[in-house]
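Counting in this note's numbering, the sequence shown runs from 1 upward without gaps.
Simulated from the structure, these hints should not be mistaken for laboratory data. Beta carbons are placed, not taken as given, at the ideal position from N, Cα and C, and that holds for glycine. Hints are supplied without guarantee of correctness; some may be wrong.
Once the Cα atoms are required to be at most 20 angstroms apart in a straight line, the calculated PhoX-like pairs of lysine-lysine come out as [claimed, not checked]:
#	residue 1	residue 2
1	Lys644	Lys593
2	Lys364	Lys345
3	Lys469	Lys448
4	Lys676	Lys641
5	Lys688	Lys724
6	Lys255	Lys469
7	Lys424	Lys454
8	Lys250	Lys273
9	Lys198	Lys345
10	Lys250	Lys337
11	Lys595	Lys527
12	Lys641	Lys688
13	Lys583	Lys572
14	Lys572	Lys631
15	Lys93	Lys144
16	Lys255	Lys289
17	Lys295	Lys200
18	Lys527	Lys454
19	Lys200	Lys93
20	Lys284	Lys250
21	Lys424	Lys484
22	Lys527	Lys484
23	Lys484	Lys250
So the derived label-pair ranges between C-beta atoms look like this [to be verified]:
#	residue 1	residue 2	range
24	Ser449	Ser369	38 to 44 angstroms
25	Asn45	Glu307	30 to 36 angstroms
26	Arg168	Ile466	45 to 51 angstroms
27	Ser369	Gln316	38 to 44 angstroms
28	Gln316	Arg99	39 to 45 angstroms
29	Asp867	Val562	56 to 62 angstroms
30	Gln316	Ile466	54 to 60 angstroms
31	Lys432	Glu247	14 to 20 angstroms
32	Thr730	Asp979	24 to 30 angstroms
33	Glu367	Ser524	36 to 42 angstroms
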Amino acid sequence: MASTSSSQTPPPPFAHDVFLSFRGADTRHGFTAHLYGALVRRGINAYRDDNELARGETIEPSLLRAIECSRFSIVVFSRGYAESPWCLDELVKIVDCRRRLGQVVLPVFYDVDPMVVAELNGEYGEALNRHCRGDSAGKVEQWKEALEEVGNVSGWDVQNKDQSEMVREIVDTIWLELSRTLEVSMDNLVGMGSRANKLKELLGEDTGDDVRFVGISGMGGIGKTTLARVVYDEIGMEFRNSRCFLENVKDYFEKHGAVHVQEHLLSAVLMEKNLKVWDAHTGKVMIKKSLQHRKVLLVLDDVDSAEQLEMLAANQNWFGPGSRIIITSRDQRLLYKHGACGVFKLEGLNYIEALTLFSLKTFKNYEPSEGFEEFSMRVVEYAQGLPLAIEVLGCFLGGRSRREWESAITSLKDYCDDILDVLKISFDGLNKPEKDMFLDIACFFNLKSISEVKKVLNSCGFCADIGVKHLVEKSLLSFSPMGKLVMHDLLRDMGRKIVHLESPGNPGRRSRLWDPEDILSVMSNLKAMDLSHSHNLIATPDFTGAPNIATLIFKDCTSLGVIHPSIGSLQKLTCLSFRGCTKLRNLPSMPGKLKELYLDSTALSNEELQQIICWAVALSVLSLSSCNSLKTVPVSIGSLKQLKVLNLHGCSQLDNVPRELGGLESLEELDLSGTKITQPPLSIFYLKHLKTLSFQYNMPTKLPTLSGLHSMITTLNLGDCGLKEGDFPTSVGCLLPSLELLDLSSNNFVTLPIIGQLSRLYSLRLDNCMMLTSLPKLPSRIEFLYVNGCVSLGQMPDMKFSGGHFYFEGLDCSKLYDGNGVSEDSSWPTLLRRPLLRGQEHPATLERLVFKVQGSRIPKWFTHQRDGSSIWVSLPKSPYYDDMMGLALCCTVNDLTDGSHFSKQQLGSPSKRQRQQHICFFFVSGDSIRFLLKGLSDGSACVGLSFEELPFYQLIKPGAAVEVIRCGYRIVSRRDIEDLAAGTSTDVASAFATIRRDDDHSPRPKKLIFEGSRSLVLFCANDFVCVRVLKVYQVD
1 MASTSSSQTP PPPFAHDVFL SFRGADTRHG FTAHLYGALV RRGINAYRDD NELARGETIE
61 PSLLRAIECS RFSIVVFSRG YAESPWCLDE LVKIVDCRRR LGQVVLPVFY DVDPMVVAEL
121 NGEYGEALNR HCRGDSAGKV EQWKEALEEV GNVSGWDVQN KDQSEMVREI VDTIWLELSR
181 TLEVSMDNLV GMGSRANKLK ELLGEDTGDD VRFVGISGMG GIGKTTLARV VYDEIGMEFR
241 NSRCFLENVK DYFEKHGAVH VQEHLLSAVL MEKNLKVWDA HTGKVMIKKS LQHRKVLLVL
301 DDVDSAEQLE MLAANQNWFG PGSRIIITSR DQRLLYKHGA CGVFKLEGLN YIEALTLFSL
361 KTFKNYEPSE GFEEFSMRVV EYAQGLPLAI EVLGCFLGGR SRREWESAIT SLKDYCDDIL
421 DVLKISFDGL NKPEKDMFLD IACFFNLKSI SEVKKVLNSC GFCADIGVKH LVEKSLLSFS
481 PMGKLVMHDL LRDMGRKIVH LESPGNPGRR SRLWDPEDIL SVMSNLKAMD LSHSHNLIAT
541 PDFTGAPNIA TLIFKDCTSL GVIHPSIGSL QKLTCLSFRG CTKLRNLPSM PGKLKELYLD
601 STALSNEELQ QIICWAVALS VLSLSSCNSL KTVPVSIGSL KQLKVLNLHG CSQLDNVPRE
661 LGGLESLEEL DLSGTKITQP PLSIFYLKHL KTLSFQYNMP TKLPTLSGLH SMITTLNLGD
721 CGLKEGDFPT SVGCLLPSLE LLDLSSNNFV TLPIIGQLSR LYSLRLDNCM MLTSLPKLPS
781 RIEFLYVNGC VSLGQMPDMK FSGGHFYFEG LDCSKLYDGN GVSEDSSWPT LLRRPLLRGQ
841 EHPATLERLV FKVQGSRIPK WFTHQRDGSS IWVSLPKSPY YDDMMGLALC CTVNDLTDGS
901 HFSKQQLGSP SKRQRQQHIC FFFVSGDSIR FLLKGLSDGS ACVGLSFEEL PFYQLIKPGA
961 AVEVIRCGYR IVSRRDIEDL AAGTSTDVAS AFATIRRDDD HSPRPKKLIF EGSRSLVLFC
1021 ANDFVCVRVL KVYQVD
């Protein structure tokens, strides 16, 4: 697109902003005087001829030059204007400048009708007839043509209007037009000429009627806005009355919103002040309707989202034929997605251009001053063609002495904060994985092979192909012809600065280290290293430079097979973990101070374990779970006198442990579950300090007597050990008074001995004891009870709560309920009656109850139900509000994880591992509800509850995933408890007349009391939230 039409000649330098043409006798001391004064006061350079010349005198050449060197001409048509040949000659010259130079002509119809001027009627027709009979007859045709042309131009009709208001409007229009036509000085815009020409080639010639979207992309500070402004000014005259330059679109959207930007766009193009847009959607409609028939030049500068483009220029159909829309963005992909017919990728300045720009900014000359040539070259090389960096550094160094230059040159990075802040805008727009990849490349991989970098990034869990592509599209990265990643040095420095600011004074707390001095400093003081989940790590690093390491963790480094021998020199090493390192077969000798060694799921052999025991004499923890190559434990294990924890869980080939285990006098925890050991040595049952013993899934031929177990044992796991009636001692309460956790799952008991004397027992697991018919009285401190799969169990035990939490889980317990699970028709699960009755005297204890039972439908006893995971709870007015004991809540959930209560044998059955629906019950005390609604006046309230998060599942079953299908509630009064005691059931909803049954509708809000996420039901020792309050309304 050319900057001017081919029929036009280049305009001369503008000496004036406005030329005023008027008939002095009519308006010189009135309207024109007021207009001229207003223009001057606004700072507009207006030209007015003050000479009173006789009619018929030839117009002076200086006046013709004044017209030609003005940006605008204002013609004040008055009744006597056509009487003056002087005025008419001025008008002819003005029309000539309009045609040749594109001068803007604005008519003002002072005391004459516009039609009189345009059609040459009335006074104007009579005046022209008189001229035909006079000396000026030869000019009349020119005058007529000029009057007709300007008379048909849209202007101001001042007749019978407030002249001061008209003057203000004219001045505002001129001011707005001037602000849009000011040229950008090209003196300091080095290299912009050639780039502007390339951009205009993309825009195309103005002879076509197509609408074009053209983009300018590049990194921050590269000159996108400047280039857009240069081209906008060069071609702007072709769109004189319909153009707009919207700068910093992203910032304006963030600070003021879409509506404000839409108003600015419409006001600028339509030249209307105070234009109002009510909302963003209306703004889109207004832009399309107003501009779809106009030839528009629009620049949208610094766009960073599709939403911004949708709000301002959704597509080509919004604009009239010949329109041109220029969009600048750091995101090249965004421009192409929005339909840009071409994107100009703006690159940095070449060396000559950069040096010239730097010299202009620094020395006010086109080349460096004498003695500063080498310094200037170093600065230009550092800036790498980035105009922003060149200008900032040039302004900083300009006027400084040679000594100051010498000091500054050595630390240029310290003076680039303004530059880096601009560049960081692009970084801030990345998502989390893209930010991490950018920082990794900035710190480690600049100028490295693309394929090698992608390989490393992929190994770290990134989608390297997509991530690197996005970084290139956002002008943060590029590819070299040699197949390497290239990041601009300033972008690299910006990325490293971000990492540095993570912990300016402590390199050890930063996420990445690249500086050798920082690495040496950190490594020499390093006390812990965790390289867990480094799946491509095949060998440990050399630890020579990190002598103070005390903890090393290589968990799940599945390719690790080689341990560097320098690990043996780590004299302060006390904890070493190779859990999940499945290829690891042996270890070098370690220092004698090693306390904890974790070799779970490694390929450790019997011989290697023998060697480890020889040098690891100070071990307190030895974890060897799932070491499936182990078949025996060496006799020398007895020499580890300080060993407190020995874990052999899941060593599937282990069939023997020596009696020397009994010599581990410090042993506190021993896990032999999941091994082939059928008869453990008697000696382990007499260990004096043993607190935890697990022997699950072993099916021994004969379990030694438990009478030898020390009274201090707290955890005992004998699940799936084939125990039958009488195998478990009847005097367990006396033998194990400290017992806290007891697991007897998948055994063959019919009844259990009395365990009520186990005063510290808080967790009892009896899953899949299929022959178990009843339970004895449970200890008062019991908090967790699991009876899943106890198909013969017919009734709940008598329980007295001491005030702790209580979680009950009973799936597949068909005899325990009224039929097969809790059904919709059951008025109330039998198993819940006793806890409710127990809680009558102390309602707060009910709040600690959570029951999980089998079933797919919420019982009808819960009078208010709805599908989904949230529900509105309608609370009653007084006096029922004061009588309310609490809120019974219920939800049906899909357990999306495999059942954890099945035995080792049952886990292989697909029918036992399918998804199951469960019902969960909670209770909220009336006191808790009243505390939540404290300050509420005597009006009913609606509480919005969400069951979306049930974190107690994670506490009971880590990794569980649940889906809430349906939820319900019932307001519980004292009468409910009395009815349960009497064996009757009353629909309490009939008493609480204000309760609405239709909970599929939201409440009619009167006053919002609370909105957010507040915990209402708490569970277990760590206060895990079960239900959250979302909103509370006071309603009519």
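Now the hints, each set against the structure:
1. Lys644 to Lys593: holds, 15 angstroms
2. Lys364 to Lys345: Since the Cα atoms of Lys364 and Lys345 sit roughly 29 angstroms apart, the hinted pair is violated (cutoff 20 angstroms).
3. Lys469 to Lys448: Roughly 16 angstroms between the alpha carbons, so the hint for Lys469 and Lys448 holds.
4. Lys676 to Lys641: violated, 26 angstroms
5. Lys688 to Lys724: Judged against 20 angstroms, a Cα distance of about 27 angstroms means the pair is violated.
6. Lys255 to Lys469: violated, 30 angstroms
7. Lys424 to Lys454: Given pair Lys424, Lys454 is violated - Cα atoms ~23 angstroms apart, limit 20 angstroms.
8. Lys250 to Lys273: violated, 23 angstroms
9. Lys198 to Lys345: Within the cut-off at roughly 10 angstroms; holds.
10. Lys250 to Lys337: Within the cut-off at roughly 18 angstroms; holds.
11. Lys595 to Lys527: holds, 15 angstroms
12. Lys641 to Lys688: Cα-Cα ~13 angstroms, so holds.
13. Lys583 to Lys572: Violated. Lys583 to Lys572 sits at ~26 angstroms, over the 20 angstroms cutoff.
14. Lys572 to Lys631: Since the Cα atoms of Lys572 and Lys631 sit roughly 32 angstroms apart, the hinted pair is violated (cutoff 20 angstroms).
15. Lys93 to Lys144: Answer holds: Lys93 to Lys144 is near 13 angstroms, not above 20 angstroms.
16. Lys255 to Lys289: violated, 26 angstroms
17. Lys295 to Lys200: holds, 17 angstroms
18. Lys527 to Lys454: Cα-Cα ~31 angstroms, so violated.
19. Lys200 to Lys93: Violated - the C-alpha atoms of Lys93 and Lys200 are around 32 angstroms apart, more than 20 angstroms.
20. Lys284 to Lys250: Within the cut-off at roughly 17 angstroms; holds.
21. Lys424 to Lys484: violated, 23 angstroms
22. Lys527 to Lys484: Violated, at about 36 angstroms.
23. Lys484 to Lys250: Roughly 32 angstroms separates the two Cα atoms, so the pair is violated.
24. Ser449 to Ser369: 38 to 44 angstroms: Since the Cβ atoms of Ser449 and Ser369 sit about 43 angstroms apart, the hinted range of 38 to 44 angstroms holds.
25. Asn45 to Glu307: 30 to 36 angstroms: violated, 42 angstroms
26. Arg168 to Ile466: 45 to 51 angstroms: violated, 57 angstroms
27. Ser369 to Gln316: 38 to 44 angstroms: With Cβ atoms ~51 angstroms apart, the hint is violated.
28. Gln316 to Arg99: 39 to 45 angstroms: 31 angstroms Cβ-Cβ, so the 39 to 45 angstroms window is violated.
29. Asp867 to Val562: 56 to 62 angstroms: holds, 57 angstroms
30. Gln316 to Ile466: 54 to 60 angstroms: violated, 29 angstroms
31. Lys432 to Glu247: 14 to 20 angstroms: Violated, at about 30 angstroms.
32. Thr730 to Asp979: 24 to 30 angstroms: violated, 40 angstroms
33. Glu367 to Ser524: 36 to 42 angstroms: violated, 50 angstroms
Violated hints, in rising order: 2, 4, 5, 6, 7, 8, 13, 14, 16, 18, 19, 21, 22, 23, 25, 26, 27, 28, 30, 31, 32 and 33; the structure is consistent with all others.
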